[in-house]
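Here is how the chains run, residue by residue.
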Amino acid sequence: MLIGHQPKDFLLAVEGLTVSFDGFKAVNDLSFYVEENEIRVIIGPNGAGKTTVLDLICGKTKATSGAIHFRDKDLTKMKENQIVQAGVGRKFQTPSIYDDLTVFENLEISFPRGRSVFGALTFKRDAIVRDRVEEVAEMIFLKDRLNMSAELLSHGQKQWLEIGMLLIQDPDLLMLDEPVAGMSVSERIKTAELLNTIIKNRSVLVIEHDMKFVEDIAHKVTVLHQGQILSEGSMEKVKNDPKVIEVYLGH
Amino acid sequence: MSDNARLVNRPELLGILALAVLLVVILPLSLDVFRLNLVAKYLTYAFVAVGLVICWGYGGILSLGQGVFFGLGGYCMAMFLKLEASSPENTKIQSTPGIPDFMDWNQITSLPFFWKPFHSLTFTVIAIIAVPAFFAFVIGAAMFKRRVGGTYFAIITQAVAAILTILIVGQQGYTGGINGMTDLRTLNGWDIRPDHAKIVLYFFEVACLFGCIFIAQFIRRSKLGRILVAMRDKEDRVRFSGYSVANFKIFAFCVAAIFAAIGGAMFALQVGFMSPSFVGIVPSIEMVIYTAVGGRLSILGAVYGTLLVNFAKTSFSESFPELWLFGLGGLFIAVVLAFPNGLAGIWSDYVQPQVDKLLRKKSPKNGWTDASVADGAPAE
Amino acid sequence: MFGEYSIGDLGAIFAMQGFAGLILFSVYVLMALGLAIIFGQMGVINMAHGEFMILGAYVTWLTSSYFQTHLPSLFSGYFFVAMILAFIASGALGMLVEWALIRHLYKRPLDTLLATWGLSLILQQTYRSVFGAREVGVELPQWMMGSQQITDSIEVPINGIFVMCLTLLITMAVAYIMYKSRWGRQVRAVVQNRVMAGAVGINTERVDCYTFGLGCGIAGIAGSAFTMIGSTSPTSGQLYIVDTFLVVVFGGAASLVGTIASAFTISQAQSTMEFFMSGSMAKVLTLLAIVGILMLRPQGLFALKVRK
Amino acid sequence: MSDEKKPGLHSPLRRKLLMGMAALPALTMLPRSSFAQAPATSAINTTGLAVTDTEVTVGILHSATGTMAISETGSIQAEKLAIEQINAMGGVLGRKIKVIQEDGASDWPTFAEKAKKLLVNDKVAAIMGCWTSASRKAVLPVMEQYNGMLYYPTFYEGLEQSKNVIYTGQEATQQILAGIDWITKEKGAKSFYFIGSDYIWPRTSNKIARKHIENMLKLKVVGEEYFPLGHTQFNSVINKLKLTKPDVIFTDVVGGSNVAFYKQLKAAGIDLSKQTLLTISVTEDEIDGIGGENIAGAYACMKYFQSLKNENNAKFVADFQKMWGARTVIGDVSQAAYLGPWLWKATVEKAGSFDIDKVAAASPGIEFKGAPEGYVRIHENHHLWSKTRVGKARLDGQFDVVYETADLVQPDPFPKGYQ
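Residue numbers (this note's numbering), protein chains in the order written: chain A, 1 to 251; chain B, 252 to 631; chain C, 632 to 939; chain D, 940 to 1358.
Quick caveat, the hints were computed from the structure, so don't treat them as lab data. Among the clues, some could well be false.
As the list claims (entries may be wrong) - Facing chain B, from chain C, some residues (calculated, C-beta under 7 Å): (1) Leu745; (2) Ser911; (3) Leu918; (4) Pro929.
The beta carbon of each residue, even a glycine, is placed where N, CA and C say it ideally should be.
Assemble the whole structure, with the sequences as input and the hints as a guide.
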């Protein structure tokens, strides 16, 4: 919009982003900007293209047209692992962890060192790694389960573990896809607490349905509808936008 | 080195020692040279099986073309040996002495350029590793960078095996055709055919096999091993933890290819010839079954599986040739349906608990399982 | 090489060569259809596909022997009976195999590959024990032999025409079953979302079983038809397996149109190249080209870009 | 000793001859302590072979499983028949032949492994076996290293000669040249088209045929095509045949490809009663699978056909079918395999010893007058002198013998001017 030519002022600048699947435009000419240390929540009805936006940013899906700038890098031209290395972390909707490994190993793999083939071969589990893993494990309430096989964790614990895996990566932009979905009430509370601690000092992009939760954390809300932005701004502003009300009540 | 980087834990160490005792002491003492040479032949396949543990068991990449690499390694070795066996004195009845006999039969009058470097043993040894690694890299890079995996990859490796077989058979002037390269005699002047040479070669091979086992074990215990497991499980997650999944797959595939090639080279030395019948689809799939029988996640299991299947093949086909195919077919099905972790799975599910029980009774403080659980963990 | 022939000669040869390509095309489609259903719709790699074909061939041989000795007057029509029997035999065996083996392995596609390979070994040895190691010669009714003169210099083999018609018929039948019938919708529903399909009342296990049976049954018909042009021995099935898989994969596994298109491309390429170079090199080049293209376009010729 | 138990096994004349041959060394070498007594084991076996006072062990090494089982079954049957007949006549040097059969499983290293087992563990006095060139090439170094004796039955490409092998089939020049000469004269052929499977035997055979046709007969070869083993689609090459219209199609396609080739040839309207086709790879065994109606009219160039009319053969065919079933057919290789045990017996008896070196040295000049193909003799180069014949395929899967060379053809495994 205003300063689209100087994306450096934003951490993330999405401009004119379009992707079509076999003619169907899941995301259509979408533009939005995320600042440093901003918490942005994307809401919208099912099929609005929310998850697709995250897929596009993290490189899982290739854009048909448009640009995604992260600091001074064009993410549309990079591979997934390069995007991660540039500082973008992504949590999936369903917990995506390694069932065959222990909690410790799950976290260790996400530790940002030894990511090349040779690096992985010569990787040593030294004090730095161990301390960091333990620190993160403490944050995600799994400190006493480090040696447990991850497949034995409960659903909520798996969600936490994945959040922990992101945390240990220390990304500048954290993308969370429905982090509290499928959790029990007590787990939800703990998760909100957890998220509140980890979103400090970084930008966060969250997809969430739980409005209470959204209201708690969001700096700014973007409402997506049919692949396009319906409304954008503070929670207060969005809530009172007649277009938003129509879409939500229409359902 | 910190405790986590320890190469083997206690049960594994015992397993390796047991295998070493079997291969280095028991078999050589109890078998005559003929049988020992058979074991040596089986062990050449064990190299392939160990490679498949890394590539298939850990990496989840099922290659049905390991015969290609076994063949490439074997042919590299055989080319060197054949050149040595084709000295001008040995081949003076040919129209062009000094070139391999099959070239002479095919009216080739001078050594083709790509044969010439194989006069050098050093070059040959490098080629045994480098040629298959290069092929595996090219195939792997092309496939994995484009996210071809699973069944597609298996089918394409099969096609590669088919292509190479047809090429070798068709280009008989350069490759010996369907007969392969036969009558290999000496290695740098040292006759590889007599019994004492077979015994020396056997121990050399066992040493190389242990070398490969240790390399495989090192890979398995490194973070790379855990990444392979992670990849097999949730490929996308690994990618979004910042790793290039393709590179790791290429690496695993190349390691498997190199192991297979070493096995092939050993085969040429042990058996004294190399032929396209090891390159094709059927032998390639049989090599997979060795790994499956041993347990696709167990390096030592792969060796035992190879020995067991081949021993069964030899003895069955001696007494009941008809039953053998039923047996082999049944083995494939049984391993897949009932024992997906093969011998190693049977061992850890049924035998080891009994052993543990016995050991615990004797010395309650010295539990193996404690060691294995704690291993790989930070707190110790 | 063409200098010494007249234009008419050359025209005739090219016409016949085009026809040879069409026959090869039909053969590939017949081979691949059953596999395309099994691999494309169910994701199962059936390495015993060739053996199911050979079962059809043996059934044809048995039928022909029976008609020769018991019903010689009806011999000219036995082939149709044989094809139906081949379909039933292979289909029934397929359903049995699905029930006993495949259904336990749907979540492990690579393991189906190993298990069905084991099955293929067992079937081969069974054929060898029952029918002997040697090839059996299937005698054809007189009307299926020889060729049809189209012009003075163009003639086409009758069994080639027969295979082409059969292929057309079966392709149409399969297309109808998969895309128009209620059952076909069920199959596709199960492919797309097994849990959901089960939830809306589709008996997914039965659909799987019938789908596998249908694929194997078509393999049986293909085997029956191939007695006209190929050999029938316990190991003949293995000759087809790589080609068949490549046709299916090259086409893009989930698409019948893709399978047909890829069969067409491969057969035309192969038959054209065979005309200009030795059969061995033609084969190598064809395979290389397929592998090369698959490396560049791993999803095959006809795969849709879908939203995951 | 048990000679009389099977009366009529051979004609009386030949039986006397064989008896004489068997008795000769016994008479010359051993003390005549008793009429029926066999020579002492220590005298006739100085190298530790598996020979006892009553038995001698011989190996049979063929593929009973795998793709080659189709072809090799006939050889196994013929060898077992010959051995049973020899045992019925009293065996070799008074010792019954005991057979150890091993399965090569169509896999060349397995052949080498089993050959080694037979020689090293079982210490067999001779091995009847191998079929493909590849299996022979794999076994050859083993035979030479451990000094064994192999009787190899298949017609093959030549370019080989070993002290440790007797080649009872024809080498390429023996099989091909006379046939090509005859067909050229008979049909006034001017042009030839070669079609073969892609491996060493067809390529070498075709090379020899080409040299003969181009250099000796001054005629033309208008095409030469090879297909991978197991290839089943021949429509393109059939079109090329239609384009080039050769006088003679010369084929050496093997295995399952054979069936496909002839079926498609017939379907394409190439009538073998009008188009001359000469094959060197189709015996009665192959026609079983191809179907007589698909190949009737083709000419095959072999040294033996089941329909051959002579006393020996009538007897052989009757015995063979009695042992293995009335519908069993006998091809060229089966007959050659049948020669192996008989030639070995004759050689051992001439040498008066089972020792390999003595048997190898005694081999040249050994005759076998009871051969179904007629008289054969071992050449200095360990191949057989034998006649070449051309047969014309009939509808019932048999051949009419239309030509045979007047004399035995000399084996020439390293033919000058053909390499």
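Checked hints:
{"no.": "1", "hint": "Leu745", "result": "holds, 5 Å"}
{"no.": "2", "hint": "Ser911", "result": "holds, 4 Å"}
{"no.": "3", "hint": "Leu918", "result": "holds, 5 Å"}
{"no.": "4", "hint": "Pro929", "result": "holds, 4 Å"}
In summary, the structure agrees with every hint in the numbered list given earlier.
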